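> Below, each chain spelled out in residue letters.
Protein chains: 2
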Amino acid sequence: MTILLYDLVPTDTQRPFSPHCWKAKMALAHKGLDYRAVPTRFTDVPKVEGGVSKTVPVIRDGERVVADSFAIALYLEDAYPERPTLFGGDGGKAMARFIERWSQTQLHPFLGSAALMEIYRLQDEENGVYFRESREERYGKTLEAVGAERDTHLAAFRKKLVPLRSMLEYQPFIGGERPLFADYIVFGALQWVRVTSTYEFLQSGDPILPWFERCLDLHGGVGRATPAAA
Amino acid sequence: MTILLYDLVPTDTQRPFSPHCWKAKMALAHKGLDYRAVPTRFTDVPKVEGGVSKTVPVIRDGERVVADSFAIALYLEDAYPERPTLFGGDGGKAMARFIERWSQTQLHPFLGSAALMEIYRLQDEENGVYFRESREERYGKTLEAVGAERDTHLAAFRKKLVPLRSMLEYQPFIGGERPLFADYIVFGALQWVRVTSTYEFLQSGDPILPWFERCLDLHGGVGRATPAAA
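First to last, the sequence lines map onto chains A and B.
For the first sequence, this note's numbering assigns the number 1 to the initial residue and increments by one for each residue that follows.
For the second sequence, this note's numbering assigns the number 231 to the initial residue and increments by one for each residue that follows.
If we strip away everything but chain A, and leave its shape as in the complex, we get (with noise of 0.2 angstroms):
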């Protein structure tokens, strides 16, 4: 049975964004599921499986109903434990919450503030309006002066990667030889900008690229069927 995807959406349903429902189809592509993503706009978020959640993704998988990437992912490798592992064990599972703390404590603060501008713009009248209040609310600042910082805050961004660029020079992927959720929990921020910003948040040359480029062609290229922002 296909599995529903509540995937977040600008104006344009062909441009999912969010980095968590990212995280998620990634582990649903890994596990070579059927699925279908169901456009879901910031302001239908609270009608998603009868209101079940604050935030997407969420997924209905038959008769069960699970949201947050996480506990997705782990559902999933519960649920289709025949299929590719998305954690590669109990270590890590463990572990990948680790990646999942540093991914948001390190990278999300930054891109999110990054691509902030663009992502408004990107939203349609309503949407716009709910994005405007509770960003501006988070952040104690309008829109405009937090993505006026981005370019004061990227040489201490690109210094926060140094683990993941140090890692790269023993093993292709987070999780070694092959992919697993890890990689698609830190894969989701930066597709996040790619899909909705111009904003050239690595350097050119930065071993991160083509790491970034390998986890785009994964699973018949279903991160690059979303083209980047141009």
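Hints listed in this document are in silico derivations from the structure and should not be mistaken for laboratory results.
Check before you lean on any hint, since a few could be wrong.
Beyond 10 angstroms from chain A on every Cβ pair, some chain B residues (computed) [as the list claims (entries may be wrong)]:
hint, residue
1, A267
2, A309
3, I329
4, Q353
5, E355
6, G370
7, E379
8, R380
9, L394
10, F431
11, S434
12, F442
13, A458
SDA-like, lysine to any residue: derived pairs with alpha carbons at most 25 angstroms apart [as the list claims (entries may be wrong)]:
hint, chain 1, residue 1, chain 2, residue 2
14, B, K390, A, G112
15, B, K390, A, R165
16, A, K159, B, D381
Note that the structure is predicted; figures quoted are calculated from it, not measured.
A virtual CB, placed ideally from N, CA and C, is assigned to each residue, including glycine.
Following the hints, complete the assembly by docking chain B onto the known chain A.
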């Protein structure tokens, strides 16, 4: 057969202090293997097992000699599969490398400089000369100048621990419900300073402290058996 662990010590052979040797020692203890620490000073390292490595730890297990803490953990996992796992599967092996790179690039530079003068003072004359020359070349500054900067960098260091602190809201160890080698990687870095310096690099109330105390208690308290510097 008893495994030999060449373990870096200062003048006081009862105060092994190398973060990397601590990782290896915790890995041996985790596997429940008989081992004997061979006290090794900086100037002894080139003589260890015929000069097999520029650094310690080095272990000898029967005919096998293995250098480098990560390689030692991989060797022990492979050689003693029936004993408690250090990685929890292939995913854990791969992700432990990310955590090792995080610890090495984000934590070691500060921790090493914070304890630098105390580590110097623990050496005898010959080893003190070696330590000063090698470290001053590495830093491009006098030991005293590096040590004097620690207060300036303390707040930034505590911020670098955010991913670990955040992860501890989800699970008690990096390895999940139980410790794995990834825990010992970070433990080794903190133990390095605990046994050489009285510097309070963690603030009281930091949730990392109870995790560190849990690590000190592991495997019969092997970490705690070396008292904190006083």
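> Taking the hints in turn, state whether each one holds.
Comparing the hints with the structure gives:
At roughly 27 angstroms from the closest C-beta of chain A, the C-beta of A267(B) stays outside 10 angstroms, upholding its exclusion from the interface. Against chain A, the non-interface label of A309(B) holds: every CB pair exceeds 10 angstroms, the least being about 18 angstroms. Non-interface status of I329(B) relative to chain A is broken: a Cβ of that chain comes within 10 angstroms, the nearest being about 6 angstroms off. Q353(B), annotated as away from the interface, keeps every beta carbon of chain A farther than 10 angstroms; the closest lies near 29 angstroms.
Chain A leaves E355(B) outside its interface by the beta-carbon criterion, the shortest separation being 36 angstroms against a cut-off of 10 angstroms. Every CB of chain A is more than 10 angstroms from the CB of G370(B) (nearest about 19 angstroms), matching its label as outside the interface. Annotated as non-interface, E379(B) keeps its C-beta farther than 10 angstroms from every C-beta of chain A; the closest such distance is 18 angstroms. Its beta-carbon lying about 20 angstroms from the closest one in chain A, R380(B) satisfies the requirement of being farther than 10 angstroms from that chain.
The claim that L394(B) lies off the interface is violated: its Cβ sits roughly 7 angstroms from the closest Cβ of chain A, which falls inside the 10 angstroms cut-off. Consistency note on F431(B): stated as away from chain A, and its beta-carbon is indeed over 10 angstroms from all of that chain's, at 19 angstroms minimum. At the 10 angstroms boundary, the C-beta of S434(B) stays outside the reach of chain A, the nearest C-beta of that chain being 22 angstroms off. Even its closest Cβ contact with chain A, about 16 angstroms, leaves F442(B) beyond 10 angstroms, as expected for a residue assigned away from the interface.
Against chain A, the non-interface label of A458(B) holds: every CB pair exceeds 10 angstroms, the least being about 26 angstroms. Between K390(B) and G112(A) the alpha-carbon distance is near 19 angstroms, which keeps this suggested pair within the 25 angstroms criterion. Between the alpha carbons of K390(B) and R165(A) the distance comes to roughly 17 angstroms, so the proposed pair stays at or under 25 angstroms and holds. Restraint check for K159(A) and D381(B): the C-alpha separation of about 21 angstroms stays at or below 25 angstroms, so the hint holds.
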